[in-house]
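**Q** Input sequences plus hints: build the corresponding full structure.
Below, each chain spelled out in residue letters.
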Amino acid sequence: MSRVKLENLKKHYGNVKAVDGIDLQVENGSFVVLLGPSGCGKTTTLRCIAGLEIPTEGKIYFDERDVTGLSPSERNVGMVFQFYALYPHMSVLENITFPLRACRVPPRKIEEKVKEVVQIFQLKNLLKYKASILPPGDQQRVALARAVVREPNVLLLDEPLSALDEKFREEMRSELGKLQKRIGITTVYVTHDQREAMALGDVIVVMRDGLILQTGSPQELYEHPNSVFVGNFLGTPGMNFVECVYEENSLVLKGTDYRLKLHRPDLIDVLKDYQSREFIMGIRPEYVHIDGEAVNGGLLLEVIAIEPAGRYRLVDFLVGEKIFRVRTDWGLSLVAGQKVWARVREDKVCIFDRDNGMAIVS
Amino acid sequence: MNKDKVGKNTEAANQKEDLVEKFTRVSDKFTTAKKTYGLSDRTFMFFFLLPSLFILLFLVGYPFITLIKSGFYNFSVLRAATPPKFIGVENFSFILTDPFTWERFIFTGKFVILNVLVQFLLGIGIAYLLQKNFRGRSLVLTLILMPMMLCPIVVGLFWKYMFNTEWGIVNYILALFGMGKVEWLARENVSVYSVIIVDTWMWTPFMILLALAAFTAIPKYLYEAAEIDRASSWFKFRHITLPLSAPVLIIAVLFRMIDSIKAFDLIYTLTGGGPGSATQTLSFDLYKRAFQYFYTGEASAYGVILLLVIMSLSLIFIRYLNRLAAQNMRR
Chain A
215 MSRVKLENLK KHYGNVKAVD GIDLQVENGS FVVLLGPSGC GKTTTLRCIA GLEIPTEGKI
275 YFDERDVTGL SPSERNVGMV FQFYALYPHM SVLENITFPL RACRVPPRKI EEKVKEVVQI
335 FQLKNLLKYK ASILPPGDQQ RVALARAVVR EPNVLLLDEP LSALDEKFRE EMRSELGKLQ
395 KRIGITTVYV THDQREAMAL GDVIVVMRDG LILQTGSPQE LYEHPNSVFV GNFLGTPGMN
455 FVECVYEENS LVLKGTDYRL KLHRPDLIDV LKDYQSREFI MGIRPEYVHI DGEAVNGGLL
515 LEVIAIEPAG RYRLVDFLVG EKIFRVRTDW GLSLVAGQKV WARVREDKVC IFDRDNGMAI
575 VS
Chain B
80 MNKDKVGKNT EAANQKEDLV EKFTRVSDKF TTAKKTYGLS DRTFMFFFLL PSLFILLFLV
140 GYPFITLIKS GFYNFSVLRA ATPPKFIGVE NFSFILTDPF TWERFIFTGK FVILNVLVQF
200 LLGIGIAYLL QKNFRGRSLV LTLILMPMML CPIVVGLFWK YMFNTEWGIV NYILALFGMG
260 KVEWLARENV SVYSVIIVDT WMWTPFMILL ALAAFTAIPK YLYEAAEIDR ASSWFKFRHI
320 TLPLSAPVLI IAVLFRMIDS IKAFDLIYTL TGGGPGSATQ TLSFDLYKRA FQYFYTGEAS
380 AYGVILLLVI MSLSLIFIRY LNRLAAQNMR R
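Residue numbers (the working numbering), protein chains in the order written: chain A, 215 to 576; chain B, 80 to 410.
Derived by calculation from the structure, the hints in this document are not laboratory data. These numbers come from a predicted model, not from an experiment. Take the hints with a grain of salt, since some may be wrong.
Unchecked claim - Only some residues are given here: those of chain A computed to face chain B with a beta carbon under 7 Å:
#1 T270
#2 G272
#3 Y275
#4 L284
#5 P286
#6 F295
#7 H303
#8 P313
#9 A316
#10 C317
#11 V319
Claimed, not checked - Straight-line Cα separation of at most 27 Å, DSSO-like style, residue types lysine-lysine; simulated pairs:
#12 B/K299 - A/K342
#13 A/K323 - B/K299
#14 B/K299 - A/K224
#15 A/K553 - A/K536
#16 B/K315 - A/K327
Just so it is clear, CB atoms sit at the ideal spot from N, CA and C, and this is done for glycine as well.
**A** In structure tokens:
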């Protein structure tokens, strides 16, 4: 097990800057998720850590050891590929023992190790089957078993759940989380699915355009996004954003004459400098309260659509020209076209700069 | 109003009926048309296939049956006036008990095995090297494939001159390195290897081509996975490249094997089967019996035996291939 450190890592393909200078530290035994839309450089970063790509610039350390120029085999990493990359002509047993046989581990030791992982991943009944005929879920378990069987320094996972169907993915997700905690192996996990990231990561690293946007615990990122992008990317649905101006201790929502009276001193303090300049207010859908009757500080909004989501429902409103989504329970009966009063929880309001999308207060 | 509506409705209904009637009449016409010609699609197809069927029958079926038939007769095309005499399996038993034939069998076996083995090893070796991308790769590939595109007769003649003991370039080069003259084509135990060298020069490209195609079809991520799994180059080749390209390699070996058994043109121009009969393969022997001595009956029997040998060899390979395919499909 190792601590992984990236220093100013860059990977350019000609003019394309896949990874453009990132610094990252993955603590020993922690589960770090690289999250971002496709093309953000997360997989390239992972492949650099694995040694499958040689960085254009920057350094990679495992503990204190500089591994930047080393080949994958010299780094001792375990990896699960997006489509598993099992050896199709080999049985499950042969697949799992491949890394051991390749290193000439003595047969008795192999048997021991196999027994161990077979137990962890419940592969006993699958050992004799060809890897290529297994359903995706089983293939994934085999791929994981193959990755951890020789106790690598770091476990690298490249969207390992994306080939599974929805229901099964959730199951495997929680299994994977439990497993990592049990083995306690340093793990770097790449995904574009924010729910996976939230569920699994000790630390989430949000990437965009080859750069790290924000690093933090899932809770931190959810409650305190440092940019419009992170606020929007995390959460289903993402944060609501409304353009505002600041006037006399209130937020005035653009395109309406609604005023939101502010009490938070930190907000007022910062926004003083934003007099008559537009900025963006962000609020999570669950931090808006809906009332059937007029309430102090409420905004009168018209219900546009209602989308049931199990215990909750998502109610769409129109604020100015933008859709504003609110997550609410079923307490109040609502129909489209109805006018209700919405109240924003002031303590959960985030303020972003309109020009660069970065957080001013979050 | 109401009445009007009803009127309209009935009108519409009438129109519809009219249409239906018209349609029935038209479709009737079609059925009668069909009856007149009475040609179904199947028969039509059959008529189209008929010419090629006749060509096949005359060019393959008839000669083949004649071949088998004349294998049981004492007959020579030179003496067409003397009617063929039925002698049962005498031709076959004569060939199979003739020690000279067995010598040819053994030579051919040795030639085929050595020839295919050398080409196989060279082929996958060179293909392995050509997998990697380097500058001028496509040029090298084109040059390597050249010999295969030449006419075997030309290749045989060229090598015959190059192998000439007195003034051939091969011995000239050897002399530059201080080595003595080798009688490439005149010595019994050397000429076999000379033939193998030329055949290998000409046909290894075929092996390279197929092996290269098989190698490049193996997905790259498997090698990446193996790299992560700390496999050495040899381990990767042995456990990923070879097993995954096996089906194609088997077919390549089968092709080369059948071709080697049939080897004739190259040998004919290179050594003429000599010295003595040292480099006569089975098919060369067959050629002599059929077109030099004109033992037509005997040669026919010989041809049938050769065909059976090749067919059974192919069958073994195809069996193995099917087993491989089945193994990959399920278990």
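**Q** When the hints from earlier in the document are held up against this structure, which numbers fail?
**A** Numbers 1, 2, 3, 4, 11, 13 - these are the hints that the structure violates, sorted from lowest upward.
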